[in-house]
Structures are given as C-alpha cells and as structure tokens.
Amino acid sequence: MNPYVLTILLSSLGLGTTLTFASSHWLLAWMGLEINTLAILPLMAQHHHPRAVEATTKYFLTQATAAAMILFASTTNAWLVGEWDINNLSHPLAATMVIAALALKIGLAPVHFWMPEVLQGLDLLTGLILSTWQKLAPFALIMQVAPAINPTLLTLLGMTSTLVGGWGGLNQTQLRKVLAYSSIAHMGWMIIVLQYAPQLTLLALGTYIFMTSAAFLALKVSSATKINTLTMAWSKSPVLVATTALVLLSLGGLPPLTGFMPKWLILQELTKQDLPLTATVMALAALLSLYFYLRLCYAMTLTVFPSTVNSIAPWRAQSTQLTLPLALSTTIALGLLPLTPAVLLMAT
Numbered sequence: 000m001n002p003y004v005l006t007i008l009l010s011s012l013g014l015g016t017t018l019t020f021a022s023s024h025w026l027l028a029w030m031g032l033e034i035n036t037l038a039i040l041p042l043m044a045q046h047h048h049p050r051a052v053e054a055t056t057k058y059f060l061t062q063a064t065a066a067a068m069i070l071f072a073s074t075t076n077a078w079l080v081g082e083w084d085i086n087n088l089s090h091p092l093a094a095t096m097v098i099a100a101l102a103l104k105i106g107l108a109p110v111h112f113w114m115p116e117v118l119q120g121l122d123l124l125t126g127l128i129l130s131t132w133q134k135l136a137p138f139a140l141i142m143q144v145a146p147a148i149n150p151t152l153l154t155l156l157g158m159t160s161t162l163v164g165g166w167g168g169l170n171q172t173q174l175r176k177v178l179a180y181s182s183i184a185h186m187g188w189m190i191i192v193l194q195y196a197p198q199l200t201l202l203a204l205g206t207y208i209f210m211t212s213a214a215f216l217a218l219k220v221s222s223a224t225k226i227n228t229l230t231m232a233w234s235k236s237p238v239l240v241a242t243t244a245l246v247l248l249s250l251g252g253l254p255p256l257t258g259f260m261p262k263w264l265i266l267q268e269l270t271k272q273d274l275p276l277t278a279t280v281m282a283l284a285a286l287l288s289l290y291f292y293l294r295l296c297y298a299m300t301l302t303v304f305p306s307t308v309n310s311i312a313p314w315r316a317q318s319t320q321l322t323l324p325l326a327l328s329t330t331i332a333l334g335l336l337p338l339t340p341a342v343l344l345m346a347t
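So in numbering that gives the first Met the number 0, the last spot in the sequence shown is 347, and the numbers never skip.
It should be emphasised that the hints constitute simulated quantities derived from the structure, not laboratory data. Take every hint as true, because none was put in to throw you off.
The calculated BS3-like cross-link candidates involving lysine-lysine, where the alpha carbons are at most 27 Å apart (straight line), are: (1) LYS235 x LYS176; (2) LYS57 x LYS219; (3) LYS176 x LYS225; (4) LYS219 x LYS235; (5) LYS57 x LYS225; (6) LYS57 x LYS176; (7) LYS225 x LYS235; (8) LYS176 x LYS262; (9) LYS176 x LYS219.
Quick list of simulated restraints, FRET-style, between CB atoms: (10) LEU9 x LEU276: 42 to 52 Å; (11) GLN320 x LEU92: 43 to 53 Å; (12) LEU283 x TYR3: 45 to 55 Å; (13) PRO49 x LEU343: 41 to 51 Å; (14) ASN149 x PHE71: 11 to 21 Å; (15) LEU70 x THR172: 33 to 43 Å; (16) LEU276 x SER11: 42 to 52 Å; (17) LEU70 x LEU293: 42 to 52 Å.
Note that CB positions come from ideal geometry on N, CA and C, so glycine has one too.
All chains, full assembly: derive it from the sequences and hints.
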C-alpha cells in the first residue's frame, strides 16, 4: 500500500477514536465511530483476496448496523428526554439499544458471530488493529453509559461472552479464530466487573491489549496462521517460541504472568460484591480458555512436525521485520504481576 495512503488511514483511525473519547454529544461520538470504521476498511481489503474482501464486507455490514442502532437509540433518547448528552442516557429503552449496539461493535456474545469470521479473513497486522485499537472507542462509550444500564444485562453479557469465548476456541485449528474467541472471552471479563469497579475494566483492557499485541506480533514474525505451522517454528527460533508460549499462558491468566493480575482482581471484586456464584462461573470459564492456550503451547514446544509435510517449508533466512514492538509488548505481557500492589493503590 502507498505510504501516503497508509499514513492517512492510520491518522484517520487515531482521529476517529480520539473524537469519540473527547465527545460528550451522541452525534460526535457516532461520527468518531464511523470515521474509525471507514478508515480500517481499506486496510482490511488491501490484499484483494476473496476472503479479505468477504471479511471486509461482513465487518462493514455489522459495524454499519451497530452505528445505525446507536443513532436510533440516541435520537430516541433525545426525543423522550430532550438530552443529547452521553451521560444523560436516562430512558431504559434507549440505554438497552445503546448497549446492544456497542456489544455488536466490540463482538460481545451473543452478537459475536462476525468476529471469528472477519478476523480469519485478515492478515495478522490488520487483525491486531481490529482486536485492540478498534475496541477502544466503543469501550469509552460503554464505560460512560454503564451506570444507566440494567446490571443484570451487563452480568449476562459478561458471563455469556466468557463462556462462548471459552467453548468456541476449543475446536479451532486456525490461530486467528483462536485469538478471536480469546478476544470475546476477555471482553466478557471486562464487562462483568464494569458496574462494580470501572478501573478494573480499564486495567483488564490495558493488559489485554499488550498481551494480544505480543501474540499477534509473535505469530507475524514466525509467519504462522495454523496450529500445524506452529510446530515448525521451534527449529527456526527457539527463543521466540518460548516467549510466545509464555505470552499465551499469560492470556490464559496463569500466575506469575501479567494476565493473572486482572483476573485475580476481578474475581476478588466479584466476591467482595457478594457474588460467589458469578465468580465461580467466571473462574471455570477461564479454564476453558486456558485449555486451548495450553493446546497451542503444546503444539509449539512439545511436538515436532512429521517429515511428510504438506505445507511449504518456510525459508530459514534472518527476519527483516521490526521486532522492537514485539519485545516491548512481550515484556509487558510477562512481567507486570509484581506491580499489582501499585495498581491496587492507584485503583482505590
């Protein structure tokens, strides 16, 4: 892609998100979301592959539906209450429509069906943008409207997403679909604690972004998109494979890695709120996700690919890809757990 066009598209992505962050009026927030969607579409379709075009079309249709719902909900709220302010979403009908639209935007279950299909059709870097940056603007709106939303609805969305994210990833062989279900499960963790401790939602979102970035960039460096490609990675770059396995375990929430911190604090908060059953279901759903991360780790580190290879053997040349972002995100994804007391101090 032309570097000037790429610069314009990435600047538009930044502009759209910033516009939604800064807005207090529904129309301005909607405009930011639309700029965001329109800026990523050319990045998604840049390879002109039929699957990429199909993924772009699916993404456009779901995001356009969600944007139309947001517009309809905000207009309904203005009609019923006389307010366009985001924080004054006082009518339950408008509030329910908005949370449904934003759930569709970020791929929460039960409106998650587009997410694995779209991510599967994209290259890893565009998939990384879709899984991280594209979540920020809708999440900013969700955090602002959360006080007006029915708490039972938020709990149901969170639990459903965590369970669906765990179950859905179990039988996948495509790494991008596994990461899509991982994203759905993590979104569930963020939504479930939103009504009790929004700062923990932010913490979970931050750690999720770094862990997912590390996973996507590592797969990009090793050019892996399927589980059986991973089995050839060990002989090429043992250090990268070892750190990638640790990043995946961090995504699963195993101590002593960064991913354990948000899960631990969220379960602690749910227990404090006298919701032991919810906390138990969330912890058990985390085990489902952990199983498929362990499956990937097993494929990467403990299996050797059979000599009758069907796929093309990749070149063993030195990689020319930029590895500084990978190194930074991996370090953060693996080593932040000791900072938990400081995080708790800031959160209270």
